[in-house]
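Counting in our numbering, the sequence shown tops out at residue 376, every number present.
Quick caveat, the hints were computed from the structure, so don't treat them as lab data. It is possible that part of the hints are untrue.
What the hints assert, rightly or not - Ranges of calculated distance between the beta carbons of each label pair, as one might list FRET restraints:
#1 157 / 285: 24 to 30 Å
#2 145 / 124: 22 to 28 Å
#3 164 / 220: 24 to 30 Å
#4 209 / 164: 30 to 36 Å
#5 304 / 348: 36 to 42 Å
#6 300 / 117: 21 to 27 Å
#7 117 / 177: 24 to 30 Å
#8 182 / 52: 21 to 27 Å
#9 178 / 357: 51 to 57 Å
#10 168 / 316: 29 to 35 Å
#11 293 / 354: 33 to 39 Å
Since this is a predicted model, take the numbers as computed values, not measurements. Note that the Cβ used here is the ideal one computed from N, Cα and C, for glycine as well.
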Amino acid sequence: MAARFSFMTVTLIRIGQWTSLSQFMLGAMLGHAMTFEQAMLATVLGSLLLEFLSFGLGLAGAREGLSISLLSRWCGFGRCGSALIGIMIAISLLGWFGIQNAILANSLDYALNKRLGFGWSAALAGITLTLLVALGFRALNWTAKVSVPLFSLVIGLISLELMQNHNMSDLMTSVPTGVALSLGAAVTAVTGGCMTGAFTTPDISRYCQNGRHVFWMTVISIIVGEFIVNGIAILIAHALNTSDVVTIMGQTAGWIGLLTVILSAVKINDINLYSSTLGVASAVEGVTGKKWRYTWLTILLGITGTTLSVMGILEQFTPFLILLGVVFPPIIGVMLVDYYILRTSRALLDTTRINETLPAAGSTPWINWLAIKRVA
């Protein structure tokens, strides 16, 4: 069982996860493609689904004190099935690495007056960060401490700029200039934008003291991330007629905004690459019993993510979000049905929870093909 922390501690961690640069990118994308009313409707519908999935998994994680990688073993998928899920999470994080690295490259290229070019900027940024993470460069930790409050400050500055220099009612009724996005696609994109975070809710909720804390932790983080940050990004996209986050930050907050983009991208990609490496390493060890060297695996995945950014994954941001919104909900659905309705391993989990141990390897199914079939 995991140690339990205060409600404020886990909620702040969750809010930090859901108020990142990627959330602002999502709002800007919606604002450039939809009216304010349409974008907020998509946000509401997507948030309801995210809350249902987050709370369902989060409550299970809090009860059992298990992370998502362990919880999935006894929620329908078995040892090998959970390893496959770990690989899927790692792949999604690798995609996010490529997107954030492209944002970082655009910021560097913008700061250097286009001297280096996007391709070289992306390669330089991705390889440098990969080597720093692979070598365990601890100085990267300070970016999280600086970027989160700086991001909040810049969001506040952007809000003031909006209220002072624009008519809010005009922005809310203005017609978007980007390629139109259907409501269904927008809802799926909103869901996909935070789907990895929703899926990994047990990684945080296992530290919650009770189910009430889990509920309010998920609700508050969604309100702050989806409605406040998203709403501001939607309006600023209408005001500037763009979804380019570098342009938005640069024009509204100047060099502070540009610095925020760079630090936020570094912070997020540090976590993305680290978590992706751990996910792949854990999956390989779970299936084969062998451990891969962390350093070389990090370099391999980092080069892969950097290649994705150079190849233009940022241009596929909306399809990427929609893909995440399509792939992960069925997996979560299988886990919720198995845990709350079928209760396949609940008796085993209840027994081991009392003894504060994990179920023995012999009592853990290798793979549940029925669960895999339901997802497919």
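Are any of the numbered hints broken by this structure? If so, which, sorted upward?
1 and 4
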